[in-house]
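Engineer: Chains as they are written, first to last, in the working numbering: chain A, -2 to 118; chain B, -2 to 118.
Hints are computed from structural coordinates only; laboratory data are not their basis.
Do not take every clue at face value.
Identical copies go unnamed one by one, so any copy, or any two together, can satisfy a pair.
What the hints assert, rightly or not - No more than 25 Å apart at the CA atoms, straight line, and that leaves these computed lysine to aspartate or glutamate pairs for DMTMM-like:
| # | residue 1 | residue 2 |
| --- | --- | --- |
| 1 | 78 | 23 |
| 2 | 11 | 72 |
| 3 | 65 | 23 |
| 4 | 65 | 7 |
| 5 | 98 | 54 |
| 6 | 78 | 113 |
| 7 | 65 | 88 |
| 8 | 78 | 42 |
| 9 | 78 | 58 |
| 10 | 11 | 23 |
| 11 | 98 | 88 |
| 12 | 11 | 89 |
| 13 | 65 | 54 |
| 14 | 78 | 47 |
2 protein chains.
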Amino acid sequence: MNYIPININEKFSKFDNHWSPRVIAEMNNYQIKLAKVQGEFVWHDHQDTDEMFFIIDGNLDIEFRDGKVSLGAGEMFVVPKGTEHRPVAQDECHIMLVEPKGVVNTGNAESALSAENDIWI
Amino acid sequence: MNYIPININEKFSKFDNHWSPRVIAEMNNYQIKLAKVQGEFVWHDHQDTDEMFFIIDGNLDIEFRDGKVSLGAGEMFVVPKGTEHRPVAQDECHIMLVEPKGVVNTGNAESALSAENDIWI
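Work out the full structure: start from the sequences and follow the hints.
Structural biologist: Quick look at the structure:
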């Protein structure tokens, strides 16, 4: 049997929407997602889960109420659960997310930026 | 407060051992690990968990009893729980793993390649 690799660049070529994570794989009850982001997201938190950000291309700041972290390609950060944060990307940035299945991108915040969940590419 | 990015290349520069995963981050009860691998690993499975492989640099084959998947940089594969597999890298390959805290690299197989668990860098 031939098994198929999941190619990140090929998956990124399949969508252009910003702030709209796409699922590329599942591991137990977790999902691996890709997102293209640009501009300022909304302040939000996830009460029930940490959230892993890994930068594939570009630069992303994650702002916190008491500081921020500036991430470039090949850098990672885990936002602890319950911690208010706001991702900000001046230019388009490509990121990988790992989080439990069912997590909504805007967490506790009601927003026009809330994306449909569980969209596979 | 300044938060510190986790830089993958900087972390890879800190160890040389093959088949000895190092923890770089935790997310809930999961760990993100880096490993340098070369040669043939042992056949094994993980009865309780899927295992995510993401190739950072180089090439890795994951052999199964009924086939294999060949992965290059920027490619990912999730090995389903209970599935016998054997990673093989002709040349040194740098990989990222995501799996629950406590998973032993050799799974069900007793081997000289069983690595100490939970080593942070």
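Engineer: Would you mind marking each hint as holding or not holding in the structure?
Structural biologist: Going through the hints against the structure:
1. 78 with 23: Answer is both; intra-copy 21 Å and inter-copy 12 Å each pass.
2. 11 with 72: Both. Shortest intra-copy (23 Å) and inter-copy (16 Å) distances satisfy the 25 Å Cα cut-off.
3. 65 with 23: between (29 Å within a copy, 19 Å between copies)
4. 65 with 7: between (31 Å within a copy, 20 Å between copies)
5. 98 with 54: For residue 98 and residue 54, only the intra-copy Cα distance (24 Å) is at most 25 Å; the inter-copy one is 28 Å.
6. 78 with 113: within (21 Å within a copy, 28 Å between copies)
7. 65 with 88: So residue 65 and residue 88 pass the 25 Å test inside one copy only (17 Å; across, 39 Å).
8. 78 with 42: within (7 Å within a copy, 31 Å between copies)
9. 78 with 58: Answer is within: at 18 Å inside a copy they meet the 25 Å cutoff, but 35 Å across does not.
10. 11 with 23: Cα proximity of residue 11 and residue 23: one copy only (18 Å, versus 30 Å across).
11. 98 with 88: Close neither inside one copy (28 Å) nor across copies (35 Å); limit 25 Å.
12. 11 with 89: Result: close within a single copy only, 15 Å intra versus 31 Å inter.
13. 65 with 54: within (19 Å within a copy, 29 Å between copies)
14. 78 with 47: both (4 Å within a copy, 23 Å between copies)
When the structure is compared with the earlier hints, a violation turns up for hint 11 alone.
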